[in-house]
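So the protein sequences, as listed, match chains A and B.
To convert, count from 1 in the first sequence and add 69; that's the numbering used here.
To convert, count from 1 in the second sequence and add 304; that's the numbering used here.
Each hint should be verified, as a subset may be incorrect.
Here are the simulated DMTMM-like cross-link-like pairs (lysine to aspartate or glutamate), alpha carbons at most 25 Å apart as the crow flies [what the hints assert, rightly or not]: (1) B:398 <-> A:230; (2) A:191 <-> B:368; (3) A:191 <-> B:383; (4) B:399 <-> A:230; (5) B:407 <-> B:383; (6) A:191 <-> A:72; (7) B:399 <-> B:383; (8) A:71 <-> B:309; (9) B:363 <-> A:72; (10) B:363 <-> B:309; (11) A:71 <-> B:383; (12) B:407 <-> A:230.
Per label pair, the in silico range of CB-to-CB distance [said to hold, decoys possible]: (13) B:309 <-> A:222: 47 to 57 Å; (14) B:405 <-> A:70: 45 to 55 Å; (15) A:162 <-> B:390: 21 to 31 Å; (16) B:398 <-> A:178: 24 to 34 Å; (17) B:313 <-> A:145: 22 to 32 Å; (18) B:308 <-> A:217: 44 to 54 Å; (19) A:220 <-> B:396: 12 to 22 Å; (20) A:221 <-> B:396: 17 to 27 Å; (21) B:407 <-> A:157: 44 to 54 Å; (22) B:390 <-> A:210: 23 to 33 Å; (23) A:73 <-> B:408: 46 to 56 Å; (24) B:308 <-> A:145: 48 to 58 Å.
Just so you know, these hints were derived from the structure itself, not from any lab.
Since this is a predicted model, take the numbers as computed values, not measurements.
All C-beta atoms in this analysis are idealised placements derived from N, C-alpha and C, irrespective of residue type, glycine included.
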Amino acid sequence: MKEAAFAFFSLFTLLTAAGVVLSRGVVYSAFNLVLSLFGLAILYLLWGASFISMIQILIYAGAIVVLFVFVVMLLNLEKPQDIAPPWIRGILTGVSVWGLCFILLRVFSRSFGEMPSVEPQKASVRMISQLLFSQYLWPFEILTVFLLALIVGIYMLARPERETPHESP
Amino acid sequence: MSLLEKLNSIDYWTHFVAVGLFGLGLLGFLIRRNALVVLMCLELMLNAVNLVLVELSLKTGTSEGIILVVFVITVAAAEVAVGLAIILNLYRLKKTVDIGVFKNLTR
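If we strip away everything but chain B, and leave its shape as in the complex, we get (with noise of 0.2 Å):
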């Protein structure tokens, strides 16, 4: 497939950014070191995910992609409610959000 045949369908730019998404996010999941930068990283793949599951539903003509599109992003926002929670937590106990610091659970 030439270069001007993949920049013309819609199917490469969604592989495309779907893979850029999950590769920004874990690099950021990585590198940075502050707690809800990296909440935000875990959102961006998962973002990334649902963006391969709904082509994959939508192009084969099924439909479970589509709903566990659905309960992904039913879970994600549990999941981001239960991370900040822990982070307000953590910031209370050590003043700082760098995950350098949080060596233990404990004061």
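So that you can see chain A by itself, here it is in the shape it has in the complex (with noise of 0.2 Å):
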């Protein structure tokens, strides 16, 4: 049952990831990454993963993907323009990307065959929040630094041009 479940939504996430790369206009890429997300989110619910599974949605769904369409309402794109790209290019790009998947796929098959598998536990948000705020307390610090640099940042880059600038150089 649970492996069916697995095959679903993995399929499905595939599925709608696929439809992120190949839909015309970028509002339907959106709402696919939104589903492709939520595809994830599950996989990790699977897993046993709950906390990663509700952040993934809350700041993936729920923040990026609304960054994106706001971003997209923005910037009023005429009708989707997508080039497709010259033949030769395309094969090359097609052949070099899949010939990755396959070494990836065998290697994972090997690598993660060999590993002695322990019993799957459960990642809690108690185990998650007492590393994070023991053992990688610093990281943790350093991340919320980051942030507030990011805000500057990101005023800085977005913020509207004035009309009449102070100085000329």
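Join the two chains, each given in its own frame, into one complex according to the hints.
See below:
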């Protein structure tokens, strides 16, 4: 039963990810991205990582994709203009990407098969937060400073241009 | 391992979906010309890596993978915010988001 659910949501995630890449309009890509990220959240839930699943939904589907949709609305793009690549480059890209996928799949099946299989544990909020506030305290604090710098940087990047600049070079 | 066993193991499905997501993200990153879709494909690749990290962490009973996933999600959100701000600026400059147009950073 669990395997069937896993298979279903794996295929769902992959199909909607293909929708992100292949659909013409940017808004369709964004909505396919939401569905794909929801599918991934359910996969995390099936693995037993419920906290990761929750922050996947909250941050990715709740913040990142909303940001994408807002920017799409701000940009006021005309018709969906997506030029297909020249076919030699397209074929080269496709062959190399699927070759990479094949190699990755082989590496996974070889190296993960030899791993000693422990009983799968659950990633509880208690475990994550205890680690985050003891062993990984400094990375966590650096991340907060990083987010502060991010806010300032994004304001500098995205603020509206002034009509009359203070100084002209 | 026979095909039926493969289809019945969630490990196999996890690897399949992680590799498929990474491949699709890379494909979109290379062939799409809309800068917004390129950013979305970047997100797909990050998510593929996250899935493998969660699986590895839970299977081996260690917790480093989960912590790393928390950090990766935070940095991914930051990266999207900066990327979208840059795209907004580029749109103001050239009135398009086609990445083929952006050959230099000046007016």
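Hint check results:
no.	hint	result
1	B:398 <-> A:230	holds (15 Å)
2	A:191 <-> B:368	holds (13 Å)
3	A:191 <-> B:383	violated (29 Å)
4	B:399 <-> A:230	holds (15 Å)
5	B:407 <-> B:383	holds (22 Å)
6	A:191 <-> A:72	holds (18 Å)
7	B:399 <-> B:383	holds (23 Å)
8	A:71 <-> B:309	holds (14 Å)
9	B:363 <-> A:72	holds (16 Å)
10	B:363 <-> B:309	holds (19 Å)
11	A:71 <-> B:383	violated (34 Å)
12	B:407 <-> A:230	holds (22 Å)
13	B:309 <-> A:222: 47 to 57 Å	holds (50 Å)
14	B:405 <-> A:70: 45 to 55 Å	holds (51 Å)
15	A:162 <-> B:390: 21 to 31 Å	holds (24 Å)
16	B:398 <-> A:178: 24 to 34 Å	violated (46 Å)
17	B:313 <-> A:145: 22 to 32 Å	violated (48 Å)
18	B:308 <-> A:217: 44 to 54 Å	holds (53 Å)
19	A:220 <-> B:396: 12 to 22 Å	holds (21 Å)
20	A:221 <-> B:396: 17 to 27 Å	holds (20 Å)
21	B:407 <-> A:157: 44 to 54 Å	violated (22 Å)
22	B:390 <-> A:210: 23 to 33 Å	holds (27 Å)
23	A:73 <-> B:408: 46 to 56 Å	holds (53 Å)
24	B:308 <-> A:145: 48 to 58 Å	holds (52 Å)
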